[in-house]
Structures are given as C-alpha cells and as structure tokens.
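Colleague: Residues per chain, in single letters:
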Amino acid sequence: MHKARHNPLNSIAAHAALLTWTAIALFPVVVILINSFKTRKAIFREPLALPSADSFSLVGYQTVMRQGDFFLYFQNSMIVTVVSLAFILLFGAMAAFALSEYRFRGNALMGLYLALGIMIPIRIGTVAILDLMVQTGLVNTLMALILVYTAQGLPLAVFILSEFMRQVSDDLKNAGRIDGLSEYRIFFRLVLPLVRPAMATVAVFNMIPIWNDLWFPLILAPGEATKTLTLGSQVFIGQFVTDWNAVLSALSLAILPVLILYVIFSRQLIRGITSGAVK
Amino acid sequence: MATRSRAHVIVFLAPAVLVYTAVMIWPLFNTLRLALYTSGEEGRVFTGLANFATLFGDPRWSGAFWNALGNNFWFFFIHMIVQNPIGIALAAILSHPRLRFAALYRSAIFIPTILSFVIVGFAWKLILSPIWGIAPSMLDAVGLKSLFAPWLGRESSALTTLALISVWQFVGIPMMLIYAALLSIPEEILEAGEIDGITGWAAFWWIKLPLILPSIGIISILTFVGNFNAFDLIYASQGALAGPDFSTDILGTFLYRTFFGFQLQLGDPHMGSTIATAMFAIILAGVCIYLFAIQTRMRRYQF
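In the order they appear, the protein sequences are chains V and C.
This note's numbering applies: residue 1 is where the first sequence begins, and numbers increase by one.
This note's numbering applies: residue 1 is where the second sequence begins, and numbers increase by one.
In case anyone wonders, no lab produced these hints; they're calculated from the structure.
Among the clues, some could well be false.
Not the full set, but computed from the structure, chain V residues with beta-carbon under 7 Å of chain C [what the hints assert, rightly or not]:
id, residue
1, 209
2, 212
3, 266
Covered stretches of chain V (chain C as the covering partner; in silico rule of three or more C-beta atoms under 8 Å from a C-beta of chain C) [to be verified]:
id, stretch
4, 151 to 164
5, 190 to 196
The model shown is predicted, which means the values in this text are computed figures rather than measured ones.
C-beta atoms are modelled at their ideal positions from N, C-alpha and C, and glycine is treated no differently.
Using the sequences and the hints, build the whole thing.
Modeller: So, in structure tokens, the structure goes:
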C-alpha cells in the first residue's frame, strides 16, 4: 500500500501540525476560563498561570450573579431554542412528508419555493420583519424570536428530511394503509420513528446558530425580560468593560452551556456534517 | 388513490408554508418594496429608484456604502485565502488512514465554531489588548515583541485582524466538509494512481484536489453568503460604529446603523431596505455565479 503513509516522520509532522492548530483553537477559551477564577492582580501578573490557592477568587462570578440576571437570560435562550427546534422539526417533517409522499400538482414548485430560503439569509428581510412584529404586537416577546428562527430553519429541514423520507419503504406505508391507518397515523407512527437520525441532524444543525444569534434578539427582543444569553452577555460585558473579573466570568458563563451541549451532541453534529447532509 | 380526499396534503404542508411565507418570504419582498419608497410629510411616498441613486451617488451615503462594500470584499478575500488552505491542510492530515486520535483533534478544532460571536469577539479583544498584555508577552517569549501592535485599534489592521479571528472561528467547517469529501474518494482511484507512480504529495495535488473541488466550491459559496450578511463579530468587538473610524464597517453593521439608528442618528427604514436590497442582489449574484458557472462545470469530476 501507500509507502508515504507509513513514514514515521510524516506521522510526527502530522501530529505536530494538528497539535499546533488544536492549541491555537483552544487557547483563547482556556485563557478566559482559567482567568475567570483568579484575583484581579493575578489576572494581570500571570495571565497564563492556572489559579492557585493564592490567586483563586470567585469575585467575578459574584458580581455577575449580583448584577446580571443570567438565570433569566439562560431560561430565555433555552425556551427560544427548544421551542424553535420543536417547530422546525414538526412542521419541517410534515412538509417533507407531503412533498416526498404525495404526487400533486405543483409539488416540484412547492419544493423549490421552500428551498429558496436555504441560500437567502432571513436577515435581509429584517426591516419588514420588525414592521410585522410591531404590527402584531410581538416585539419584545420570545414568540417573535421563535417565529423567525422557525422560518429560518424550515428550508434546510424540509430539504434534508424529504431526502430521507424518500428512502422509507413504500411497502411499509402501503401495509399501514391496508390496515386502515389514516395518513396522519402513517406519518406519526410509521415514518417519523424511521427518520429519527435525520431529525437529530437537523436539530443539531439549527441549535447552535439559534443559541448564538445576536442580530434578532438585539432588534426584536432587546427588553430586559426577553434578553437571550448571547444578548445578555453582550450588554453585560459592554457595561463592565473595566471590571476584568466580571467580564471574564460572564464570558465563561456564556461558554459553558454551549460547551456542554457540544460534548453531548458533537458526535451527532460531526456525523451530520460529514455524512454529506449539505450536498 | 385519486378518489381519496387530499385534505391531509394541505394539513401537512400548511404550517411550514404559512410560517415560512409570513415570516421569511413576505418580509423579504416587503423589504425590497420598501426600498422604493421614502417617508415624506404625508407618510410614505413612492420614489422609484431614487433611494438607490442616493445610496450609490449622494456623497452623504455613497462614501459609507462603498467603504462597507469594499471592506466586505476584503473580509471575504481574507477568508478565501486563509480559511480554505488551512481547512484543506487540516482535512488532508486528518484523513490519513492510520492517524491516531483523529476524532479527538477533529472535535477540539471544531470548538471555536460553536461559540457565539460575542464570546469570540470579546475573548480576542482581551487577548490582543495591550492592557492585559497576553499577546505582547507571548511574542516576547519568542523574541518578536517588536511585531506587536494594538491591531484591533488601528485603522490599517483592524479589519484584517477581525477577518482572521473569524477564520480562526470557522475553519472547522471547511475542515469537516473537505474531510468528508476526502474520505469518499474510492480507494481504487488512489491505487490506480500508485501503479502509475503517483503517491504522497503528487497524489494529493493531482488526484485528490481535483476530486474535492466541488466541496471547495460549496465552502466558497457558504463563506460568501455568510460574510455578506455578517454583523455579530464586528458589532461585539468594535460596536455599531465599526471603529476605528469605520475601518471595520461592513454591510451588516452599515445596515444595522441605518435602519435601526444609533446614538443621535434616527433609524431610516427606507434607506435600510435599500441597503438590504443591495445585499440581497450581491448574495443572489454570488449564488447564481456559483450555480451556473462553477457547479455545472464541476459536475464532470463527480463519480
């Protein structure tokens, strides 16, 4: 086989290159995390040292907890992300089923119409979206964000899910029909469980952009009661620029939930990306 | 089948089509339409393409617009020349069949991609800050202290620095997509090359690279669309004014300031829509070039 692939020097070089980039990728995150647990003096004197018994301090976290309503922000982000994902998956799967299962006039056209949004960013329509939310009284509600993220996520969800639904065997669905199942039961009982892996891929793809978005929370829901974690930390950090302990702690608190989600879902995410879901 | 009721098709399609149409397509068209109006004394007045003439030609607007557009192209250019080569290199190393810990490297290198722009923007701002001194002291350790400058605070380097931060964050995506493409190359093709004496670098350059060109095309268009509606990173690290002196202003921040207003300037939905329409046209042009010019030509490489 490939001689070049067995050369130990090549292998060392490969590891050296990957380690270098891994260090570059993780360095800022690690620096933020370790310094968030240190006293102000230690942050400046030894920024690269781990917190020691001497330099350990939680003063930044105390400020954050006192000043910012991070639990509320976290809860808002959680509600927006979870409800949006539920809508994207349910509505997306229903539409994908209609497109892949039934032949009706305008099927291809409908598929194309729904696919338009894959390439066109929803942000382009922000001016009119804000208008719409003002008119319907949804400004400063989580519902405004949920609707926007649902609309944003649907095109890719329909596209991916209908690809998968085409692979579900016709025999199975027809057997269900002969047994007298309604079309709704066929969808919910037979088809949905079979495309669960594809649903997970869609969910993971949508989760991170929704959680991290700054644009729509800033424009549609900047009120104190509806701030998401991303917007909340942005505003908080902006106010506390000179309080390094607080800023570093706020950053750490914002990193943590995403990092936990990533540890749980990274396998799904990486499999989704590498399985050619984006063709 | 023809006799069966078709109501369920409508029930299945309705929620998705309604939400998508009402919150995405309708506002999109409405935004394009608003660009043709202006707010006069008696409400909305139709002015045709006058807003575009103002945006492209009126000195009060055109300077800011062309500045933002030029910056945006530079932002995209840095992504293309830095992000893609690094992504391809990492993917090529990772796809080595006997590499150990590949999954670990892959997951670690992808971590910046999942962080929000707010975190990334502030984290780098702190690290590059002359006050904290992490960057200068690290450069000092390798004897390059003289190279340090407050990169984010200088007009000449701020935009490039931000583009590189964005590359740092997103290099995981090209890496993953190209990694997947490299794994899908059939072993027989590589072996056929080997029989002809093409191995190592030559095999990568002459066999693998042409085969992953379609993936590079996809990455380029995703980067293009992403860059031309970028906003968050600049806003989080430089603020809505995209300082210093608008040197990091891109279309996204320009749009935000124009339609939403900032400090003393009032928001102007019509000029905002005009900028959004220009962004829409640019993105559409990019997508069309990709679909018609690049993708159709690349098809012959696919197996």
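Colleague: With reference to the structure, classify each hint as holding or not holding.
Modeller: Hints, one by one, checked against the model:
1. 209: 10 Å, violated
2. 212: OK, holds: residue 212 of chain V within 7 Å of chain C, min 4 Å.
3. 266: Holds, because the Cβ-Cβ distance from residue 266 of chain V to chain C comes to roughly 5 Å (cut-off 7 Å).
4. 151 to 164: As far as the stretch 151 to 164 of chain V goes, the hint holds, because 5 residues have Cβ atoms under 8 Å from chain C.
5. 190 to 196: Coverage by chain C is violated for the stretch 190 to 196 of chain V (0 residues, Cβ < 8 Å).
The structure fails hints 1, 5 (numbered hints given earlier, in ascending order).
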